[in-house]
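Using the sequences and the hints given, assemble the complete structure.
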Amino acid sequence: MPSGRAGRAQARAEAVAAWLLVAPATLLMWLMLLGPCVAVAVLAATDWQFGAPDFDWIGFGNFSEMAGDRVFWRSLANTVVYVGITVPVSVGLGLGIALLIEAGTSGRAFWRAVYFLPVTATLLAMALVWEFMFHPTVGLVNQAIGLVGLAPRNWLQDPSLALPSLAAIGIWQAVGLNMILFLAGLKAIPRDLYDAAAVDGADSAWEKFRRVTWPMLGPALVFVVAITAIRSFQVFDTVQVLTDGGPEKATSVLLHRMYQEGFAFLRSGYAAALTLVFLAFTVTLTLLQTWLLDRRAHYG
Amino acid sequence: MGEVRRVEAPPLPVPPPQGGRGPYGTRRHRVPSPALGRERDRVRAVPHGLLPAIARHALLALGGVVMLAPFVLMVSVSLKPAHEIFAPGFALLPREWHAVQNYSDAFTKVPLARFILNGFIVTFAIFAAQALAALPMAYALAKLRFRGRATLFAFVILGLLIPPQVPAIPLYIGMWQLGLIDTYAGIILPSTISVFGIFLMRQFFRTVPDDLIHAARLDGLSELAIVWRIMLPTAMPALAAFAVLSFVWNWNEFFWPLIVVQSEHLMTPPLGIAFFDNAEAGTNYGPLMAGATAITIPLVLAFLLAQRRFVEGFTMTGIK
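Here the protein sequences come in this chain order: A and B. Going by numbering that gives the first Met the number 0, the letters in the first sequence line up with residues 0 to 299, in that order. Going by numbering that gives the first Met the number 0, the letters in the second sequence line up with residues 0 to 319, in that order.
Among the hints, erroneous ones may be present.
[To be verified] Pulled a few chain A residues facing chain B out of the computed Cβ check, cut under 10 Å: (1) Met31; (2) Val39; (3) Val41; (4) Thr119; (5) Leu123; (6) Ala126; (7) Val137; (8) Trp171; (9) Val174; (10) Val240; (11) Gly261; (12) Leu278; (13) Leu286.
These aren't lab readings, by the way, just hints derived from the structure by calculation. Here the structure is a predicted model, which means the values were calculated and not measured. Ideal placement from N, C-alpha and C gives every residue a C-beta, glycine not left out.
Below, the structure written as structure tokens:
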């Protein structure tokens with residue numbers, strides 16, 4: 000580093016150039032992302048309705064309304080159930096498929112492509128296809144379960160089946176991404192560890208998995224669980240087009256509630272409060288993930 | 000080191016052999032293998048026995064059928080007349096081909112071509128804006144010294160935490176005040192910044208050697224020129240991966256367009272197909288599936304043509 004006056008001038012020039020380079024993105028970031036997030040927090044403390052000439056500050060009023068709102072609790076419970084189904088199944092399947100693909104050498108690229116295809120497909124178009132697959136009379140799902148002698152169901156109209164049916168679509172779309180992330184995690188495991196384990200007598204595939212693959216895959220697993228949970232929390236498209244929260248609020252989820260309050264009933268203040276609840280869950284999940292990974296890093 | 004130490008511990012009682020069951024039934028590493036890449040693949044290509052290999056493919060095929068079934072069904076239904084779609088039993092191919100009618104219905108009952116065009120307009124505009132804003136910022140964050148750099152980077156990380164639906168209500172109010180509801184600008188503007196893009200490119204730029212930049216400065220290049228003439232060419236692989244992600248995310252985006260678009264002629268593909276579904280009230284599946292096929296094809300084709308890039312791109316979402 001040059002010192003003295005010339006050095007300071009150069010450092011100054013570098014700083015000026017840097018600020019010019021970051022200016023457009025920083026401005027956009029505040030205008031489109033961070034600023035609006037601050038605005039959501041402010042809005043949540045008001046009873047403002049979109050288009051109304053004035054509003055009152057009501058502090059935590061929206062949150063106390065929420066506490067007494069049965070539909071809100073139902074939506075929260077539904078969201079948690081949806082995440083609770085989607086995450087373990089799609090992570091488990093993603094891991095199983097990644098292991099199966101890595102277990103041999105033939106057809107790797109082919110199988111990877113097959114399982115990855117749903118990740119890139121437009122979910123909305125595919126949701127309409129699933130609607131047809133769940134069709135009560137001609138749907139493929141009822142025909143398939145008919146083969147093993149089960150009675151046909153009205154999947155999307157039955158209050159006890161609608162949410163799991165939507166979760167099935169969510170799983171179908173999430174498996175491929177989880178598989179890809181696990182494949183990357185598996186590739187990062189040093190081969191020497193398997194050889195060392197073999198020397199120690201870990202000969203069976205199961206022992207190798209238990210002693211090497213599973214512990215080494217820990218960080219990838221935490222990460223995959225976290226992003227699948229965060230994405231599942233954002234479930235909206237399938238609910239909006241297939242069930243609109245019904246039947247009997249059985250598929251009403253947090254984001255769908257927020258959309259309805261904010262953009263159908265135009266209760267901006269209340270919808271902002273719902274948004275904060277949604278954000279709180281996401282942030283908690285991320286912090287939990289960071290904490291788990293840090294803890295691992297300390298011992299592992 | 001608790002987990003690793005267990006590897007070196009004396010052998011534990013081994014459970015009874017798995018009899019080829021389970022995903023790992025086939026995995027053997029008799030040959031000491033060099034660690035990485037193709038070398039490893041070749042070593043593992045030593046035959047393991049036919050039965051486990053068949054079991055592996057059979058299991059993968061079983062799941063694969065479920066993965067592909069919706070795509071196959073979509074195309075199949077898009078070729079059939081209504082009476083065959085609602086006939087009991089399922090046939091892959093139609094007895095009476097109705098493809099021309101279904102696809103022409105899909106493109107005439109709703110402006111499907113316009114939806115697809117809108118999809119391209121919106122995704123290209125968004126990616127151009129994201130790249131133009133993100134590349135200089137990523138370079139400054141990675142390579143320049145200035146006060147506030149750490150704070151700025153902390154804001155980027157904070158931005159990564161925020162789901163895209165959170166700013167929707169204030170953005171809607173803002174767009175409404177500016178008269179941008181139901182315009183292309185209204186659809187595009189909120190997505191013009193990608194903190195993920197900034198983060199990704201910053202991580203990549205940190206790996207570019209400083210000497211390259213010093214040399215460029217000695218040649219008299221301005222910092223902005225360095226971004227476009229030195230950094231951009233080296234960043235092409237990372238930028239391509241980001242382009243793929245940006246394109247997939249924005250082509251498929253439904254939440255924001257649903258909020259901001261009212262007119263049919265501005266609808267993006269997902270919004271357009273949902274609108275078509277509403278108009279047909281779930282009865283006219285042939286044309287609907289033809290429409291669904293039409294809006295899914297661009298992404299599926301892009302994926303099949305550039306599989307590596309897609310996989311790389313989506314794997315990068317894992318580096319956060």
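Each hint tested on the structure:
A distance limit of 10 Å between C-beta atoms decides the matter here; for methionine 31(A) the minimum to chain B is near 5 Å, and the interface restraint holds. Annotation: valine 39(A) was flagged as interfacial toward chain B, and the flag holds, the nearest CB pair being 6 Å apart, inside 10 Å. Of the supplied interface hints, the one on valine 41(A) holds, with its beta-carbon coming within about 9 Å of a beta-carbon of chain B, less than 10 Å. Given hint, threonine 119(A) at the interface with chain B, holds; its Cβ is 5 Å from that chain's nearest Cβ, closer than 10 Å.
A cut of 10 Å between beta carbons decides the hint on leucine 123(A): the least distance to chain B is about 4 Å, and the hint holds. Residue-level restraint check for alanine 126(A) holds (minimum Cβ-Cβ distance to chain B is 9 Å; threshold 10 Å). For the restraint placing valine 137(A) at the interface with chain B, the shortest Cβ-Cβ distance is roughly 5 Å, inside the 10 Å limit, so the hint holds. The closest approach between the C-beta of tryptophan 171(A) and any C-beta of chain B is roughly 7 Å, which is under the 10 Å cut-off, so the hint is satisfied.
For the restraint placing valine 174(A) at the interface with chain B, the shortest Cβ-Cβ distance is roughly 7 Å, inside the 10 Å limit, so the hint holds. Because the smallest distance between the Cβ of valine 240(A) and any Cβ of chain B comes to about 5 Å, under 10 Å, the interface hint for this residue holds. The beta carbon of glycine 261(A) is positioned within 10 Å of a beta carbon in chain B (closest approach about 5 Å), and the interface hint is therefore held. A least Cβ separation of about 5 Å between leucine 278(A) and chain B falls short of the 10 Å threshold, and the interface hint therefore holds.
Hint status for leucine 286(A): holds, given a least beta-carbon distance of 9 Å to chain B, under 10 Å.
Figure legend: structure checked against the earlier numbered hints; every hint is met.
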